[in-house]
Structures are given as C-alpha cells and as structure tokens.
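Mapping of the sequence shown onto the numbering used here: position 195 corresponds to residue 195, and the numbering continues sequentially without gaps.
These are computed hints drawn from the structure, not numbers from a lab.
Watch out, some of these pointers could steer you wrong.
[As the list claims (entries may be wrong)] Computed list of lysine to aspartate or glutamate pairs in EDC-like fashion (alpha-carbon distance at most 20 Å, straight line): (1) LYS130 x GLU97; (2) LYS61 x ASP48; (3) LYS67 x GLU39; (4) LYS93 x GLU5.
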Amino acid sequence: MTIDELTLEVLADKALSQFDSKKLVSWAVSVLELGYENENLFILAGLDFDSTEEREHYFWKSIADLKLSVEKTEEQLLEKYGQAIANRAIEKKISIEYAFQQMNRIVSASGYDSKYLAFYEINEDLEYLKYENKTIYHSGLTTENANEFIFEEFRIFALMEDLKIPQEFRNQCYCQRCKKLNIPVTRNKFQLKRPFRYAVSTCGICGSEKLKHSNDHEVKWIIINEYKKSRLSA
1 MTIDELTLEV LADKALSQFD SKKLVSWAVS VLELGYENEN LFILAGLDFD
51 STEEREHYFW KSIADLKLSV EKTEEQLLEK YGQAIANRAI EKKISIEYAF
101 QQMNRIVSAS GYDSKYLAFY EINEDLEYLK YENKTIYHSG LTTENANEFI
151 FEEFRIFALM EDLKIPQEFR NQCYCQRCKK LNIPVTRNKF QLKRPFRYAV
201 STCGICGSEK LKHSNDHEVK WIIINEYKKS RLSA
C-alpha cells in the first residue's frame, strides 16, 4: 500500500470503529518501511506503551511533516474511503467479503446516507434469505450469487461516484410502458374491499404502474447511460 492508502485506511478505521490508538504506531512503522523518515515519525513508531493522546499528538505532527492531504470532515473521509474500497474490490486487491463488511460499516457511520444504502439493503436481504428464504429489496439476489451480485453493486457504485451522478438522478424509476426514467408519483386507488383506498407508485410521465425501481441493477445501468448522454448533450 502507498502512504496515502495507509493513511486513509487508519483514518477510516478511526472513524468506523472503537479505535485502538496502537494502530497509529503500526501506521508509523509501515510508513518508515516505505522509506519515509522524520523525527516525529520515529517517535510515534516507538510509542508502544504510551497514551492515546501522546500517539495522536505525534501522528498529526507526522502528517504535517509529510505534507499529507487529509479530508477535513468525516463525510469527506467516508466518501473517499468508500470509493477506495469499491475500486480495490473491483480490482480484486481485497476480498468481496471484506469490502462488503467495510461498506456496511460506512453505511452505519454515515447515518444511512442514501448513496451507500444499497449495501445495507443487500445485507438485509441476505439475512432474510438465511432465515426466511426470501428477499425484500432485490428479487434477483440468492445465497448462491451473492458475491457476484455484490461485485456488480460495487461496479455500479464506483461508476456513479466517478461520474458524480446527483442523488435525485439516481432515485429515478424506469417505466416499462413509456421506456423513460422518471420520478414516480404516488396516487390513490380505490377498491370494494378493505382497505378501500390504497396508494400506488405510478410513472411521472405516462401514469403507468409498471415501474422498475432504482434498486434494480438493470435500472441503475440505464441511469448511468442516460446520465452520460445528458452530459454529452449539455
């Protein structure tokens, strides 16, 4: 790993878990092994039995000495780490299992930010498959194809992030009647039994109920392609 990757990893770990500050010492040792040297780095590498406060003091001094750029907010840090995890999973530098676990930690730490929510939904579906043999969010997900399905989600996530597709564009549905992406409209329907009135989602263009929603991989690829077209025509 490069010094930037090592630094992102340790900062993300700090944000995502009950952090053992001895990992800052391990970071310093790894950075020294890469050939970087400064006084604060040497001090930090030797703080095996010192306090968290002492380790953090020399960690941030080392960061300054090395002139490393780090994210200013936790939101920016999680965003950068999520992209790094996705890319490393796609390049098969880390296992799908580990990458998926990390993304679910990001989901929780981000307060269930919608851009990461697909990984939470897949995780929920895997739990339902285990205990009830059914899914809630993804009808095409099975225990047998789980790794392939998650890998595809990482490909989609990485591309959407790289293209910086706005969240409102990602939230669109696809109408199977008019073949258009659209923001669905909720309409009331009536029937001669209870509940007499119930709500349905309909196409915001033609009113059809034949919608495929944005958690569907096929729809996500349509969203990606349509966004690319919109950028070319802008």
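Tested hints:
Distance restraint check for LYS130 and GLU97: the Cα-Cα separation of roughly 16 Å lies within the 20 Å cut-off, and the hinted pair is therefore satisfied. For the hint pairing LYS61 with ASP48, the CA-to-CA distance comes to about 17 Å; that is within 20 Å, so the pair holds. Pair hint LYS67 plus GLU39 holds up; C-alpha atoms about 14 Å apart against a cutoff of 20 Å. Between LYS93 and GLU5, the direct Cα distance comes to roughly 13 Å. Compliance with the 20 Å bound is thereby established for this hinted pair.
Of the numbered hints listed earlier, not one is contradicted by the structure.
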